[in-house]
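Engineer: These are the residues of each chain, in order.
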Amino acid sequence: MGAKPTDKDAEILIKIPISLDVPIGPQHPAIHEPVMLKIYADGEEVVHAEINTGYNHRGIEKLMEKNSYYKDKFIASRICGICNTVHENCYTRAVEYIAGLEPSERAKHLRVLVMELERIHSHMIINAIMAEIIGFDTLFMYIMRDRELVMKAKEIVAGHRVLAELHMFGGVRRDIDDVKKEKVLDILKKLEPRIKYYRRLFEEDSSIYSRLAEVGRLKSAEVLSNSLVGPILRGSGVKSDVRAEDKYDAYGNIPWNMVVRPEGDSLARMLVRWDEALESLEMCKYILEHLPQGSAVVDERKLPRTFPPGEAYARVEAPRGELIYYVVSAGGPNPYRVKVRTPSAVNIINSAFSYIGHSVADVPVILVSYDPCISCMERAIVMDLKNNIEKRVPLKYIAQWEMQ
Amino acid sequence: MKQYTLRREVIKPNREVYIIDPAKIREVMQLIKNSYEDNVYLATIAGVDKAKENIFELNYFIHIVSLGKTIVIKTSIPRNNPKLDTIMDIIPGAYGAEAEIFDLLGIEFTGNKHLRRGFFVPLDIVSRGVYPLRKDAQV
Amino acid sequence: MSILKEALKNFFSKPSTIEYPRKVTITVEKDLRGMFYADLNKCTGCSLCSIECPAKAIEMKKLPEDKKPRHNPRGLYPVVNYMSCVFCYRCVRVCPVEAFITTPTHQLSSTREVYSEDLTVRTLKAIG
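Residue numbers (this note's numbering), protein chains in the order written: chain A, 964 to 1367; chain B, 1498 to 1636; chain C, 48 to 175.
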């Protein structure tokens, strides 16, 4: 329940439950508990913020020690629904480093194609949610309608709209031919003017500008010392991107630009995401035109059952930040230790300092611009301490609130 | 940096590992932060329970932005007395990682006021006093 | 087209709700990962699919004695429980003789449990 307010005479206490990274798996681990963001408000201004966590991600690390490497690959892709391909890619590359397997060039390009398609649809969904929070419902509906085109493209390439189980140790599981290539190029051609239009809207529309500009400003020194990652880093002027540093898979062969903006407020972060979506679209077109020849599909019957001892540390650029897998193997068919660190974990838990000094209606805007993996971030509990009433309100209501 | 290093290794793919004494962890962190003018961030802290050798092994992964490289600092502490110094005042980003390791493995970071059980672990397991990620825990 | 013009145009046209399942307008790709079942003319009863399934959705059942083909000495065949299956296709790819037949059927919700037993046993009767 509520902790006692500080001596700053706070009148209203707001608890916002968030839940992170819900796994949809064959075996269900520990109990589901939401993350709570407790905010103490004095009148209109936030004076203190606290985070209470307790999510069921951790049951996965113990679960992965009991299953074989192959079953763990299917568990890893079910940690997050929106960014499942990058989880698979990170785990597959970590095990490939341990075992010494090397995929072919065509397989590397196909992996990058699926990951970039996923980046486009993830950025579209977070911008749609930002539009919904500030009240622009029409934009939310139109972005979601155009997102269906990306899901159709993923179905053509990988076999399924959401969970593309494309990776396997040593290559991929399916291949594309010329007919499919033409279909995907058609879809990308239809998508490009829509994304350019939405990006122009975010830059020029006056209602979006007045809600998002100068809100949640972060300096680059603060961001680095608190270990925030992803578009938050790049929206504050720090040039750091895992795709440019590690050059894993085929990123060394494809020309692309890193997007960095110096301002550091919420509008800069959302514009970084739209620019990244446009870059991903160009990358997908380049890959489809320049696919190398050869075989990409791996025969799953000939893969080894046990892996040699060793350790590996793999990083990948998820749409939300930097995702890390650290795999320790002691020989045998099961891994000894698997550590997963998702970007939403550090972005939400370490960022309690940035809400102080803003008004209450800005809190959902800042939270959504950090891009939590929103599964059910729907409701908040408003406690009126003076009259001792508790109400449940949706987060949208707080964003459009006027204090009485 | 060389004066603190006990041993040097490489883990795949090409990341350098420096193995140091656990009592000197704060000085090493301060040295790294000063020599690269604060252009570093702490990626994560990973704890491994090696029950056969009776130690806990801790890995600090630090990413240096100006070089584009990640380095690993590795220490070992004995299993029956798991205590270590905190680095939260030098790098405030260690808050999430240290809280998680305390809750799941039971390693205590002296000087960190924000540690508590029940951060990630559900409450019925906390009341039994079990640290879930240890090798001898039955969950 | 800008949002304002498109919103005004949709305001005056009829509702765009698709009356599913009466009018089916969804077309899926031919190689969508859908319903699949084993072909008893090829299956040898090695049980690899049942061991490798991450969802534990495949169970091996015994054939009656007079119907055992020569290439299946143990007489076991796999039965898939579609309510537990996650359609990852690990069983299809790991089978040594490629004995699974795949279809793009994806509308499998029902209020009872659905198994692949009838489809599998029918392949044996087709050969006589």
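Hints listed in this document are in silico derivations from the structure and should not be mistaken for laboratory results.
From the three backbone atoms N, C-alpha and C, an ideal C-beta is built for every residue, glycine too.
Careful: at least some of the hints might be erroneous.
With the Cβ distance kept under 8 Å, some of the chain A side facing chain C (calculated, not the full set) [what the hints assert, rightly or not]:
| id | residue |
| --- | --- |
| 1 | K1034 |
| 2 | Y1105 |
| 3 | E1118 |
| 4 | E1263 |
| 5 | P1296 |
| 6 | N1297 |
Below, in silico cross-link-like pairs of lysine-lysine (DSS-like), each with a Cα-Cα straight-line distance of 30 Å or less [as the list claims (entries may be wrong)]:
| id | chain 1 | residue 1 | chain 2 | residue 2 |
| --- | --- | --- | --- | --- |
| 7 | A | K1153 | C | K70 |
| 8 | B | K1530 | A | K1182 |
| 9 | A | K1025 | B | K1530 |
| 10 | A | K1029 | B | K1632 |
| 11 | C | K77 | A | K1248 |
| 12 | C | K70 | A | K1265 |
| 13 | B | K1521 | A | K1029 |
| 14 | B | K1547 | B | K1580 |
Engineer: Each of the hints needs a verdict: does it hold here or not?
Structural biologist: Hints, verified against the model:
At about 4 Å, the closest approach between the beta carbon of A/K1034 and any beta carbon in chain C falls short of 8 Å, and the interface hint on this residue holds. Contact between A/Y1105 and chain C, as hinted, is supported at the beta carbon level, the nearest pair being about 6 Å apart and thus within 8 Å. Interface restraint check for A/E1118: the shortest CB-CB distance to chain C comes to about 6 Å, inside 8 Å, so the restraint holds. Using the Cβ-Cβ criterion of 8 Å, the hint placing A/E1263 at the interface with chain C is satisfied: the shortest such distance is roughly 5 Å.
The beta carbon of A/P1296 is not positioned within 8 Å of any beta carbon in chain C (closest approach about 12 Å), and the interface hint is therefore violated. Interface hint status for A/N1297: violated, as the beta-carbon distance to the closest one in chain C is roughly 14 Å, over 8 Å. Straight-line distance between C-alpha atoms of A/K1153 and C/K70 comes to about 26 Å, which keeps the hinted pair within the 30 Å bound. A C-alpha spacing of about 18 Å is found between B/K1530 and A/K1182, which places the hinted pair at or below 30 Å, so the restraint holds.
In summary, the hint linking A/K1025 to B/K1530 is not supported, as the alpha carbons are separated by about 34 Å, beyond the 30 Å threshold. Simply put, A/K1029 and B/K1632 have alpha-carbon atoms about 11 Å apart, close enough for the 30 Å limit, and the pair holds. Between the alpha carbons of C/K77 and A/K1248 the distance comes to roughly 24 Å, so the proposed pair stays at or under 30 Å and holds. Between C/K70 and A/K1265, the direct Cα distance comes to roughly 45 Å. Violation of the 30 Å bound is thereby established for this hinted pair.
At most 30 Å may separate the alpha-carbon atoms for a hinted pair to count; B/K1521 and A/K1029 exceed this at roughly 35 Å. Of the pairs offered as hints, the one joining B/K1547 and B/K1580 holds, with about 16 Å between alpha carbons and a cut-off of 30 Å not exceeded.
The structure is inconsistent with the numbered hints 5, 6, 9, 12, 13, although it conforms to all the rest.
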